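Novice: Chain residues, written in single-letter form:
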Amino acid sequence: MTTPTLSIPDLETVYDVLAQAIDQAGPEKSELFLVKLALLNANALGRAETMQQHIQAALQDL
Amino acid sequence: MHQPTTEPRPSIYYNYQVHAPWLPSQHAAQPRHKVVIAGAGPAGMVAALELARHGVLSVIVTPELQVSQGSRAIVFTRRSMEILQQVGTAQRMTENGLPWRFGNSIYQGQTVFRMEAPHDADDRFFPMLNIQQQYMEEYLIDACAAQPLIDFRWGNKVTGVEQRGDHARVTLDTPEGEYVVETDWLIAADGGRSDIRTLLGLKMEGASYEGRFVIADIRIDLPLPTERLAFFDPVWNPGNTILMHREPHGIWRVDYQLPPDESPDDALKPESLKARIDAQLDMIGFGGTPWEMDWSSVYSARTLTLPDYVVGRVLFTGDAAHLLPIFGVRGANTGFQDAQSLAWHLAFVLKGLAGEKLLANHSAERVGAAREIIDEAGKSTRFMAPPTRGFRMLRDAVLSLSRTQDFVRPLYHWRTSRPHEYTHSMLNSPGDDNALFTAGPAHGAPPRNIRLGADDFLLDHLGGGFELIYFTDADAIPQPLRDVVAAARQRGMPLRVTAVGAAQAVQGADLTLADAHGHFRQRYGIPFSGGAYLLRPDQHVCARWLTLDATRLQAAFNQALPQ
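Residue numbers (our numbering), protein chains in the order written: chain A, -19 to 42; chain B, 381 to 943.
It is possible that some hints are incorrect.
[Unchecked claim] A partial selection of chain A residues facing chain B, derived with a Cβ cut-off under 10 Å:
#1 T(-7)
#2 D(-4)
#3 L12
#4 F13
#5 L19
[Said to hold, decoys possible] What follows is a set of in silico ranges between Cβ atoms, one per label pair, in the way DEER data are often shown:
#6 A/E29 <-> B/G619: 25 to 33 Å
#7 A/N21 <-> B/Q902: 55 to 63 Å
#8 A/E8 <-> B/N476: 37 to 45 Å
#9 A/E8 <-> B/D662: 25 to 33 Å
#10 B/P687 <-> A/I2: 56 to 64 Å
#11 B/R772 <-> A/E29: 22 to 30 Å
#12 A/E8 <-> B/T539: 19 to 27 Å
#13 A/K9 <-> B/D601: 22 to 30 Å
#14 A/K9 <-> B/R481: 58 to 66 Å
#15 A/A(-1) <-> B/R789: 58 to 66 Å
#16 B/D836 <-> A/K9: 56 to 64 Å
Derived from the structure by calculation, the hints contain no laboratory data.
Since the model is a prediction, treat every value here as computed from it, not as a measurement.
We treat Cβ as the ideally placed atom computed from N, Cα and C, and that holds for glycine.
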């Protein structure tokens, strides 16, 4: 199974939209916002295993 | 000298009766007992009543002179009611309790999840019944008093336990001083703060959670149905959880989480209780409604168990054996199952019908049940009272999403106490047809109740021994099966044979149930005559066959009663 990835223009769009959304949520609510987003994305992904891989990748080099 | 209080405990709805202490000077010298039970709570009394049913005399000792302080356990599950039916108190529970089946999780004024516990026409009892623990204990005390095989001793506190190889020596303190009894087995049903567990220096395994909750019982007239109400992150108690339950006599249980830095003493101050209860009533639209306090207490969630419930000649049961979180009503409801299991396993060992291996099986089954509950209850606890910043963040994200996103709502599910299935019990018959069935209760499962007629259910007819349920439309149980049954009874095995599916009384059966429409056979997955189920004395399935023969019936008996 091939995994669809974002084109560079789409990645740039997500980059901007996410940055603006974090600013819109504000410093006190940005974590809550990001966790909500992660749960929505995980549900759309439909694979707990892939989500776990993403979590491990994101934990690297913090 | 042990001097329990002789003052009736305070209550605005329950009339405490103070019993006279049992004093050794007023009784003859003590013989060696078969069973002494420490603790007159739900687990201890159900163990005594079930032992008596199997013909075993027991002595119950309790340090108190009256029933439990406060309502404590208030929600009883269907399986608990089925067990209480076996010991004779289910009817009084039903007459005086409040049945229910819906639970609501509320966030920012919106019901974001509604639990509907299934209720089947074949069930005699509702999924849940609310009644205060004092009544539950009172009914059990009355049942014990009516049972000549129970010697009930108020005001007797265990202060010493000595393991002596084939028996235990137990020191009991009374209002006139100490005396000593010897007993083949000591059942430690002395609750979450078990003195016996401490005396033996035993350690429990598992986790303790830091979140503290206040339980308060108030009398108030609220026009709300008997349903569980759970409020998440309410405005007056940000980040925390509040639970409400209706109890009989116009009492409501209000259960709220404390901020992490607040001490239990501060939390139980009248002004603190009043401010929070008023805030909660205000939030649900009943601010200013008059109310009166009955009882309050503080608890924290723990998921702990002893690794083995058999320790020499001491058998741990109920909260003495494990501490389970209150979420999911797991204390008394688990204790009933523990006690029912312990009683028959122990009775069969004492009567020489099985070896002590059977007690090892009891421990393995019930420790397994506790670990399963701990796993499930841990999930509920981490949602209700998040133990770390990470868990809190996830919980808060779920609360926030749940207002619009269906997929997160099942995370609110309140995993309610349910009977453990002994799927891998060593008592299950390996040579039966369990795997070939497509319906019906499987190996180790509790029985599925069946409505037989008006106010007449299958479980009304079961209990007190093994049950062979034989499905047939013939007029007699085949002779080879009857021979195996007769030989087992000859050895002393209590065994009832119930025939299902014939219009006339079936020869060789103690009871015949017609099952004219085939409903019973269908629910038990029996496609044709000649199938059967073997139930243990706790009614859990240990063998089932599509076609029963004498050899396999004998094999199932041998498996269920290891020597």
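Novice: Return the numbers of the hints above that this structure violates; sort them in rising order.
Specialist: 1, 2, 7, 8, 10, 12, 13, 14 and 15
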